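Number of protein chains: 4
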Amino acid sequence: MVCENPSKENLKTPGSLGFFCCARPNVSFRSNLSYLLPGKCTHRMIVVMDQNVADELIDNVTKRVQELGLKAHVIRGTERTVIAAVGDERMVKVESFESFPGVAEVMPILAPYKMASRELKPESTQVKVGPFRAGAGVIGVIGGPCSVESEEQIVQSAKAVKAAGGTALRGGAFKPRTSPYSFQGMKEEGLKLLALARQETGLAVVTEVMSTEDVPLVAKYADVLQIGARNMQNYRLLEAVGRSGRAVLLKRGPSASIEEWLLAAEYILNEGNPDVMLCERGIRTFETHTRFTLPLATVPYLHRKTHLPVIVDPSHGTGHSYLVADMAAASVAAGADGLIVEMHPNPEKAMSDGYQSLDFKQFQEMMNRCNVIAKALGKTFG
Amino acid sequence: MVCENPSKENLKTPGSLGFFCCARPNVSFRSNLSYLLPGKCTHRMIVVMDQNVADELIDNVTKRVQELGLKAHVIRGTERTVIAAVGDERMVKVESFESFPGVAEVMPILAPYKMASRELKPESTQVKVGPFRAGAGVIGVIGGPCSVESEEQIVQSAKAVKAAGGTALRGGAFKPRTSPYSFQGMKEEGLKLLALARQETGLAVVTEVMSTEDVPLVAKYADVLQIGARNMQNYRLLEAVGRSGRAVLLKRGPSASIEEWLLAAEYILNEGNPDVMLCERGIRTFETHTRFTLPLATVPYLHRKTHLPVIVDPSHGTGHSYLVADMAAASVAAGADGLIVEMHPNPEKAMSDGYQSLDFKQFQEMMNRCNVIAKALGKTFG
Amino acid sequence: MVCENPSKENLKTPGSLGFFCCARPNVSFRSNLSYLLPGKCTHRMIVVMDQNVADELIDNVTKRVQELGLKAHVIRGTERTVIAAVGDERMVKVESFESFPGVAEVMPILAPYKMASRELKPESTQVKVGPFRAGAGVIGVIGGPCSVESEEQIVQSAKAVKAAGGTALRGGAFKPRTSPYSFQGMKEEGLKLLALARQETGLAVVTEVMSTEDVPLVAKYADVLQIGARNMQNYRLLEAVGRSGRAVLLKRGPSASIEEWLLAAEYILNEGNPDVMLCERGIRTFETHTRFTLPLATVPYLHRKTHLPVIVDPSHGTGHSYLVADMAAASVAAGADGLIVEMHPNPEKAMSDGYQSLDFKQFQEMMNRCNVIAKALGKTFG
Amino acid sequence: MVCENPSKENLKTPGSLGFFCCARPNVSFRSNLSYLLPGKCTHRMIVVMDQNVADELIDNVTKRVQELGLKAHVIRGTERTVIAAVGDERMVKVESFESFPGVAEVMPILAPYKMASRELKPESTQVKVGPFRAGAGVIGVIGGPCSVESEEQIVQSAKAVKAAGGTALRGGAFKPRTSPYSFQGMKEEGLKLLALARQETGLAVVTEVMSTEDVPLVAKYADVLQIGARNMQNYRLLEAVGRSGRAVLLKRGPSASIEEWLLAAEYILNEGNPDVMLCERGIRTFETHTRFTLPLATVPYLHRKTHLPVIVDPSHGTGHSYLVADMAAASVAAGADGLIVEMHPNPEKAMSDGYQSLDFKQFQEMMNRCNVIAKALGKTFG
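Residue numbers (my numbering), protein chains in the order written: chain L, 3 to 384; chain Z, 3 to 384; chain A, 3 to 384; chain R, 3 to 384.
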């Protein structure tokens, strides 16, 4: 039973190794095993039977495995029997074995992402946009205010970022608001101010895009399109930025597993866009003394699993300006390929997120500290 | 300093008590206190000063509070001083007190949602769509498959839902897929099949809408628009369904706090749409034996905080068909105003989520059990 | 290589199927798979190799599996090879395959608890202590104050519990305190008051024991020894109550997985004490509107995995008196075998946890509601 | 109403500022606000009333506040009234205001720990034991195997730790086991081997103590007593190590808040033992790719709140040897005062936790990297 929903990638390049087809990356996948549970496509899995089940039930599962074009290996233990289903190159749709009588558990074997995986591409990817570089031993630093507020504010910020050694400017032109008036008024004007700041400093511009309709406009002005944490699984938006011709900074959702995140990256890569950066910005846990919990082990873990650069956001990841520099330094020491940090000419007067923004002096001090560590580790800033 | 971004609601009804203005409901707000931290609008807050601060620092804060049009009440303790800032009817924009010298902590007082709150509207809201009713003592049951697959599948399902006492049919016409082909092919056809099933059974139709562009099309066929967990904070989509003229089922995001969820509902209500139902479908925790953790205390807690009906989804909330009926019964006992449950003519063959779907017989048994409990508690099904 | 640390159980009953030996149940085991990771004992596992590994690495693993007395089944796929290691009756110590070159992942197959599992004992266990019964269709209700405060308070409470249909009295005689004075003064006196209340009402007495030294004293007065959430993995204490001759109420730790909890129960069962009740009292999650998150799907899930009765504590599980009755009703509907509920003659004056205690009238109303549901479901109170 | 359970500290030093008395540090305290909810002792709090409550209800609360010896400041807003209760030096027991009619919320103001707080003691504490120093700019490194297995294993390990620049040796002599035989056999012998290794290398010895009875024995051989994560709230054990005359390494419980952890430290300090080190070893979250989630923002956050040294355990915090060195480096960059790292002559053959242990070469490389970073930051190893 060949999969009736082959991925676009596979249609384009027959014979490719793309092994997930209708596997729906889903907010509701729980563990790193469950993503390929019945109903999803995979190539191989382990079906663990209940204790002492009748041979007939084992045969049922075996038969179904074979119907699906997989080979079934039956392993009879002293108490339990296990059936390993191993596939070949063809795409298959695997139905629910969990609801088969006698089945105790189903475990898939392979990871569901491919283009993002280091198995496919062992060498590290470096994303380059203007003076900004991240990955493969180079650390790119993105600084700037939460929101674009005025020409003076954004140009001053850009100059301060550059002076401190950063190579990209962040700033929100599209921000979610209660009122449609504020929203309508800010968007293109904010983008133009970002472009102006780029003109004055040469920095690359990073800004968030929140909906499919806005992609062309934002792509006209920005160098890197940021996908916010809330949109990590907005598949249409992922596809749209995948076709935008711009590099993408993909923030992790606050309750996303690593697999869900890499699958979101896969959506972008699948559209032919290789310039994807992953941005760890903290997860939601029981902790309340920080806005989110920033799990830096993500950095070396991702470096084993994927070739994509890993950026850390210590501003959202902690929510307090007094923790930002320490966590920026820790990120560099953990091997991060970049940082994205909120700063503002006057954090007390910032229109949003002022309490987690650094002022220019604090930003410079943070950069000094990160530089010392990077140099000690034989890395450079780009 | 009057807020420059008054909410649409306030513009429409001058003199109203609407107390959040540019308060940006945000995935990154952490605790139920932090949503009104500096940079957000609120009407009153408690500023706790550091120990033994100089009077000058206290005066700074007091002055700023007064500049913002709030009254400052200074409470001097033996070790610490606390400043209570209490507002009047005017909308104000409160800037970051946390970064003021000498400030230890800032705590807001009021909840940031208003139209959803029971304080504003003490009587419970009942949502009525065709035969379906939920709220104010009536329990509405929505059943059906995860995805619309065929006429036979959806019509059979609708008949089984009706036979068991349900009044609405669920079924996904828009499902996120890797391939654009499968997606393009399914959408309107699936909606037509849902409409056909409604014609044959009279059930109300509930289906998910995933993007702003699709709202008119989905609203043409469906009676209730479902906002999925991944889109709970997609504000444009919330606004669009708020203007759609259809009732809305708003699923909780897997890491959303109650406040974030009610603020998302506020977006819809704010567009003039009163027919909003909240759907608890489980949160992401460290537990791995269920797909999500289903926190039923949400039901009575929400009943205190809001007048909106609360629906429970025991299918996604557990991820295992064998747990669904028990949790459906528990939901009714906890006071739920409705249930949304996945069922399928043949769960083993389901194209998605088969392992958490009930078959028709199991669905009937679940309904029997819920009926007995509802009757014992003096409630009816609608 | 035979395990050098056979479990006591296995020593007592040679030839038994006891399959965990030196498996150290550990707070730090993460997922329901990781408990049997390298270094722990198990009888069977799946070793997934890296892609395209050399045959030599596969042979290394196979050889090691055989050295350990297990049979190795090698399954060669098109991309990966999987080695299933299946054991026989002998106890073996399995060393770390994860650190073997070429190994991608190791997955164990069987659950590590045995005496608690329903596989071993399919029929449900009913714990009976005086008038109190829990399990196998009978619901036992334990009510009473957080702390024993006075004769009047505890005897009045006991009478109110009995009048409402409860069969056991709870009350803390050993409470953790900063000061050793309060602690020393309360303990035996509190136990005597509990015994007095039992004498006057016939109720069974449930009280917490906090350290090994206190077990004989508490066992002298109490009918059921409660192990608090903080002590769920205090192995010496578990062994001591296992030898105490008293029934045990084992609370779940706020971050304990189901497996860790059942392994803790196994410690008690392993000492020859069959009267163990599991008590779900909520887990720690990102939610802040309740003290803990009460995951009721635990109840039907545990009923599939274990024969032991499952009690729910809606008082600690929510932390607010106004949520207790709803969650008690939901627990009964979910199939709970019992409830443990805090109540107090005057919650406002309670010395501890007053904000989550019911008064006598509220307790009676909760019982009325639970009774109606239990009757509707064909269950009785015991 | 003076508190009837004054803390020992207060009894000893009348007139002291010790402001928690019967405040029971409790696993079940949820947020950083809830620890001082009704039923606990505190000196000041904010009581938020419901909207538009009758003056009588406000008077009730005010009266009760005054009865408790606190001053009540009533702040009347346009919609709500807030009552600030501010105390003086006397210890008071505060009862449940949350269950008072008309009360919407209760918020405490001060942190409940005192001796651990930096407010009390602004300068950083340095713990010194033999050659080992941690705190105040000096980083102490503790290395060694999970369990003491043999003289050769522990002496070799100690030499490798010393050669790499570590100053303390870790090794478990008391490990939780299923079988009492293995346990009985290992304990004192293991301690003697640790002492022997100290004799040969001069390193300080760090080892876990699991129960009150074992404290004298362990204290006889060890220099630093480790309290494991499972015992973080075992108050008797905390008191016992507080009186042991040995420095203490207090691990964070996997679901403990910072406040609960500092309160646990307070127990030890309260016995007159100033040599307490806090050890972050990861919290339990929804993440499954690491054993725990290691939240390094804990380090700078604790440095603001407490003067005690903060040690990080990257071995348990990640659960994978390949993540340890990166997280050790990140910890040093984040400002950690020390590291505790598992290493073993032959991790593949380790009796426990081999998959997270480094071998000697990896340990040396980790130290080299940490040294470079420490030097760059102007810190030294001790």
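It should be emphasised that the hints constitute simulated quantities derived from the structure, not laboratory data.
Incorrect hints may have been included.
Because identical chains cannot be distinguished in the list, a pair is counted as satisfied if it fits within a single copy or across any two copies.
What the hints assert, rightly or not - Straight-line distance between alpha carbons at most 25 Å, and here's what the computed DSS-like set of lysine-lysine pairs gives:
1. K65 / K351
2. K130 / K307
3. K73 / K351
4. K307 / K189
Only a predicted model underlies this, so the values are computations on that prediction, with no experimental measurement involved.
For each hint, the structure was consulted:
For the identical chains of this complex, K65 and K351 are inter-copy neighbours only, at 15 Å across copies versus 68 Å inside a copy, given an alpha-carbon limit of 25 Å. For the identical chains of this complex, K130 and K307 are intra-copy neighbours only, at 21 Å inside a copy versus 41 Å across copies, given an alpha-carbon limit of 25 Å. For the identical chains of this complex, K73 and K351 are inter-copy neighbours only, at 20 Å across copies versus 65 Å inside a copy, given an alpha-carbon limit of 25 Å. Neither within a single protomer nor between protomers do K307 and K189 lie at most 25 Å apart by alpha-carbon distance, with minima of 37 Å and 35 Å respectively.
Hint check: a violation occurs at hint 4 only; the rest are consistent with the structure.
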